[in-house]
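Undergrad: Each chain, letter by letter, is given below.
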Amino acid sequence: MNKKEFIERLRREIRNLPYDEVEKTITYYEEIISDRMEDGASEEEAVASLGTPEAIARDLQANQPFSTIIKRKVEDYKERRSSENTALVIVLLIVLFPFWFPVLMSGLGVLVGLFATIGGIIVAFWAASIAIGIGGIGLIIASAFGFATSYIPTGFFSIGSGIALIGLSIIAVIISIYATKGIIKLMGIIIHSIKKLFVRRSNA
Amino acid sequence: MDIQLKRGLLEVCVLAELEQGDSYGYQIVKDLSTVVEISESTLYPILKRLETSQCLRVFSVEHNGRLRRYYRITENGKKRIKDFLNEWEEVMNVYSFINRMNKGGQ
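Chains as they are written, first to last, in the numbering used here: chain A, 1 to 204; chain B, 1001 to 1106.
If we strip away everything but chain B, and leave its shape as in the complex, we get:
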């Protein structure tokens, strides 16, 4: 998959997961890897970008005697998901058009 496209998709994937509730790095990777190929090292810059663009907030929670960083979605982040869904509705229409044409031509 195109790298820029994948990066953008992953950002929304992370937000979608956080919309279900706060989560932490390892949990996010585990949940998302059922849908898309993602590693901890790919996730790190994504979380950083989402934090910079104020789509999520970071806070620490004590767990087993250490601190774990949890991520919580913001209003900005929720808006980002909505924008994505609206935009991709159009993309999906184009996709099904291309698919139809392709099948018709064969």
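Chain A with its partners taken away, still in its complex shape:
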């Protein structure tokens, strides 16, 4: 494969990416091939060392936002199917609706549930941390009444537990921050794996 063929194939493979993304990618690979050739490689060698345009395109697709991937899937599908086939597929989809619809919905439900649970845990963490802090402040304010009404031991008790609660709240907030960061990372990993499902693997 020479440089021209490689670039053409790469351009075809990534045509569904945003325009400036396509241009940037092509510029990058053109530059690499030229630099490799300047360094003494033949044109064929320089191209061969990059791997196939298809493999490069797959890696790039996986790094795209979810919506771009789905759009590409739909367009690919439209291109491949002739009109009769489409009619057959639509009929089958309608006839088999009672079978695939619940499966699809429960799949979606599980996903939504998963994210809602994770979100709920985060909210609960923050709410608990802040509530403890407010409780502490409340106790300190209450201690003022204790002193004012000369229930001195009660006052000291309230102020002490108030400070303890505020301390606890600070620790809880720190834990919440780490938990939030961790979970955001986890969500990223989950979304990335789901995206990978839609981008075909090398030999599949």
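Treat the hints as calculated values from the structure; they're not laboratory data.
The C-beta atom is built at its ideal place from N, Cα and C for all residues, glycine as well.
Errors might be hidden in some of the hints.
[Unchecked claim] Okay, derived cross-link-like pairs now, DSBU-like style, lysine-lysine, Cα gap no bigger than 30 Å in a straight line:
hint	chain 1	residue 1	chain 2	residue 2
1	A	181	B	1078
2	B	1030	A	24
3	B	1030	B	1006
[To be verified] Rough simulated footprint, nothing fancy, chain A against chain B, three-plus residues with beta-carbon under 8 Å:
hint	region
4	1017–1026
5	1033–1045
Based on these hints, arrange chain B on the given structure of chain A.
TA: Below, chain B alone, put in the same frame as chain A:
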């Protein structure tokens, strides 16, 4: 090596190379491949991420009648290296601890 870990390491490797001076794609791959396995196709998304996170800037320089894209590290990128070194000092301590324990147990 774990893929996420390697990706993160490569990002810092690229920044470390750029800290020595501006460089371009092929040169970066050539220099880094003496330390770690890296190809042009692995480097591309790394450069893109570093650009998005404003750890480097891209500019074009004419070379042999064509444009070559050079990469320059930013303050953000330099900070990223410092953070990495600080973080990994701890990792290295843990590593030597595990290593010691492992040898002691044998």
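Undergrad: What hints, given by number in increasing order, does this structure fail?
TA: Failing hints: none at all.
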